[in-house]
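Spelled out from the first residue to the last, the chains are:
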Amino acid sequence: TQLLEQSPQFLSIQEGENLTVYCNSSSVFSSLQWYRQEPGEGPVLLVTVVTGGEVKKLKRLTFQFGDARKDSSLHITAAQPGDTGLYLCAGGGTGNQFYFGTGTSLTVIP
Amino acid sequence: GAVVSQHPSRVICKSGTSVKIECRSLDFQATTMFWYRQFPKQSLMLMATSNEGSKATYEQGVEKDKFLINHASLTLSTLTVTSAHPEDSSFYICSARGWGHSLEKLFFGSGTQLSVL
Numbered sequence: 001t002q003l004l005e006q007s008p009q010f011l012s013i014q015e016g017e018n019l020t021v022y023c024n025s026s027s028v029f030s031s032l033q034w035y036r037q038e039p040g041e042g043p044v045l046l047v048t049v050v051t052g053g054e055v056k057k058l059k060r061l062t063f064q065f066g067d068a069r070k071d072s073s074l075h076i077t078a079a080q081p082g083d084t085g086l087y088l089c090a091g092g093g094t095g096n097q098f099y100f101g102t103g104t105s106l107t108v109i110p
Numbered sequence: 001g002a003v004v005s006q007h008p009s010r011v012i013c014k015s016g017t018s019v020k021i022e023c024r025s026l027d028f029q030a031t032t033m034f035w036y037r038q039f040p041k042q043s044l045m046l047m048a049t050s051n052e053g054s055k056a057t058y059e060q061g062v063e064k065d066k067f068l069i070n071h072a073s074l075t076l077s078t079l080t081v082t083s084a085h086p087e088d089s090s091f092y093i094c095s096a097r098g099w100g101h102s103l104e105k106l107f108f109g110s111g112t113q114l115s116v117l
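Sequences listed follow chains C and R, in order.
Quick note: the first sequence, position 32, residue 32 per this note's numbering, numbers continuous.
Quick note: the second sequence, position 8, residue 8 per this note's numbering, numbers continuous.
Because the hints were derived from the structure by calculation, they are not lab data.
A hint or two may mislead.
Stated by the list, open to error - Label-pair distances were calculated between CB atoms; the ranges are: (1) C:78 - R:5: 48 to 56 Å; (2) C:17 - R:65: 27 to 35 Å; (3) R:53 - C:12: 25 to 33 Å; (4) C:58 - R:3: 44 to 52 Å; (5) C:59 - R:64: 24 to 32 Å; (6) R:82 - C:39: 26 to 34 Å; (7) C:27 - R:18: 19 to 27 Å; (8) R:72 - C:96: 13 to 21 Å; (9) R:72 - C:67: 37 to 45 Å; (10) C:81 - R:73: 26 to 34 Å; (11) C:51 - R:65: 42 to 50 Å.
Said to hold, decoys possible - Which stretches of chain R does chain C cover? Using the computed rule of at least three CB atoms under 8 Å from a CB of chain C, they are: (12) 11 to 19; (13) 32 to 43; (14) 49 to 60; (15) 83 to 95.
Idealized CB from N, CA, C, for every residue including glycine.
Could you put together the complete structure from these sequences and hints?
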């Protein structure tokens, strides 16, 4: 069961372009995390957003948590080839579970 | 920082054999461990949630007799793929939620690539 839907699923852009990845759910989350994963490795935590409406910046990455805490977005400015990877949002389930979004595979072409 | 060690990183086995994957928390006590399965360029699918000393909670559609999970101590959880078949080939990742750490943070193993011939 995946409670978090991400869009787009695949994204291929030129170096220097901007992009936004969306993470949506019908459920309310106390917090959401964003991860980036390289092939053959575990996910690496980028950020945790906790407060509805919160905006966090990490260099060229901007993360926003929706006011209702049901959705989040990741915006990358001036994408670089090093940004290539699988981006995943994640949050806790109603029990003790921890679910990942459906994922967005980003390719930045030099 | 907290480290989760997962072994083996890669395993190739014959169809019908069983494979055990270990996940250890090296510097903290993991009260909860999660096991995920991942296909190429797809997301991590939660297979089961494992609490120390109790039976694992499996997600819908995951065969508990096929994927045996043991979480006998606060630092070790194992996933055994029994009678593996080619369709079980996948990337398996564990993660651990630690006692005393933020409840919203997880520490991940480096994954195990299973190939069943």
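Cross-check of the supplied hints:
no.	hint	in the structure
1	C:78 - R:5: 48 to 56 Å	violated, 37 Å
2	C:17 - R:65: 27 to 35 Å	violated, 48 Å
3	R:53 - C:12: 25 to 33 Å	violated, 47 Å
4	C:58 - R:3: 44 to 52 Å	violated, 23 Å
5	C:59 - R:64: 24 to 32 Å	violated, 43 Å
6	R:82 - C:39: 26 to 34 Å	holds, 27 Å
7	C:27 - R:18: 19 to 27 Å	violated, 36 Å
8	R:72 - C:96: 13 to 21 Å	holds, 18 Å
9	R:72 - C:67: 37 to 45 Å	holds, 44 Å
10	C:81 - R:73: 26 to 34 Å	violated, 43 Å
11	C:51 - R:65: 42 to 50 Å	holds, 43 Å
12	11 to 19	violated (count 0)
13	32 to 43	holds (count 7)
14	49 to 60	holds (count 5)
15	83 to 95	holds (count 3)
Violation of the numbered hints given earlier is confined to hints 1, 2, 3, 4, 5, 7, 10, 12; the remaining hints are satisfied by the structure.
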